[in-house]
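Heads up: the protein sequence lines correspond to chains C and Y, in order.
Count along the first sequence from 1, add 260, and you get the number used in our numbering.
Count along the second sequence from 1, add 2, and you get the number used in our numbering.
Rather than coming from a laboratory, the hints here were simulated on the basis of the structure.
It is possible that some hints are incorrect.
[Claimed, not checked] Cβ-Cβ distance ranges computed for the label pairs, FRET-style:
{"hint": "1", "chain 1": "Y", "residue 1": "E47", "chain 2": "C", "residue 2": "F270", "range": "19 to 25 Å"}
{"hint": "2", "chain 1": "C", "residue 1": "T265", "chain 2": "Y", "residue 2": "E7", "range": "39 to 45 Å"}
{"hint": "3", "chain 1": "Y", "residue 1": "G81", "chain 2": "C", "residue 2": "S340", "range": "50 to 56 Å"}
{"hint": "4", "chain 1": "C", "residue 1": "P365", "chain 2": "Y", "residue 2": "Y76", "range": "27 to 33 Å"}
{"hint": "5", "chain 1": "C", "residue 1": "Q317", "chain 2": "Y", "residue 2": "E47", "range": "24 to 30 Å"}
{"hint": "6", "chain 1": "C", "residue 1": "R337", "chain 2": "Y", "residue 2": "S20", "range": "43 to 49 Å"}
{"hint": "7", "chain 1": "Y", "residue 1": "E85", "chain 2": "C", "residue 2": "G313", "range": "38 to 44 Å"}
{"hint": "8", "chain 1": "Y", "residue 1": "E41", "chain 2": "C", "residue 2": "T265", "range": "31 to 37 Å"}
{"hint": "9", "chain 1": "Y", "residue 1": "K71", "chain 2": "C", "residue 2": "S329", "range": "38 to 44 Å"}
{"hint": "10", "chain 1": "Y", "residue 1": "N55", "chain 2": "C", "residue 2": "S340", "range": "25 to 31 Å"}
{"hint": "11", "chain 1": "C", "residue 1": "N261", "chain 2": "Y", "residue 2": "L4", "range": "28 to 34 Å"}
[As the list claims (entries may be wrong)] Short derived list, chain Y residues pointing at chain C, Cβ under 7 Å:
{"hint": "12", "residue": "T42"}
{"hint": "13", "residue": "S45"}
{"hint": "14", "residue": "P46"}
{"hint": "15", "residue": "V51"}
{"hint": "16", "residue": "G81"}
{"hint": "17", "residue": "L95"}
{"hint": "18", "residue": "P96"}
Note that CB positions come from ideal geometry on N, CA and C, so glycine has one too.
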Amino acid sequence: NAGVTQTPKFQVLKTGQSMTLQCAQDMNHEYMSWYRQDPGMGLRLIHYSVGAGITDQGEVPNGYNVSRSTTEDFPLRLLSAAPSQTSVYFCASSYNGGNEQFFGPGTRLTVL
Amino acid sequence: ILNVEQSPQSLHVQEGDSTNFTCSFPSSNFYALHWYRWETAKSPEALFVMTLNGDEKKKGRISATLNTKEGYSYLYIKGSQPEDSATYLCAFLPGGNNAGNMLTFGGGTRLMVKP
């Protein structure tokens, strides 16, 4: 199993550009989530999904959209990037939210 | 926003020392507490999932205890080794309507073990 994969690994955007961070898992996990990691702030939950077709907001959802059309994929969309969205983004999955989370390798995003 | 705090923020120990860290979380509406180990340039990996008051979990030289009544968990490392150097994260999950879905992470304890 590949586990949780994320693409791209690195990305530089200009303010106002849009992009999608990809996340996929091959463990048939129902629960998937996105976090951002900023210095001194730890991991903060952006959005999560408890199954295909179901998504909900986490602690810091503003500026991000998600969808979950399949069990395997959970893309994160930045509609109009801002410098405040410069961060490292981690996707995670688990059988359900209460179980241990399996994290992807992360995407380092810089918004200029 | 839930308050999940970890202390200390960082810790330097010598190889062979035993050490422990604290995770504090809300004492009401508890669902689960997770511990993760996060090495530099890697992704967090789960150590323990704890759900019951009084839980004690052990994996090799690392163990954890849980007190949901007072809202804290301790992580212990016995005989620290350089390979234990990492950031240790705890994550609190509340119960209620979104039981187990909204993980709130603490800021982490960064452990550095000197040979």
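message: Flag every earlier hint the structure violates by its number, smallest first.
response: 2, 8, 10, 12, 16 and 18
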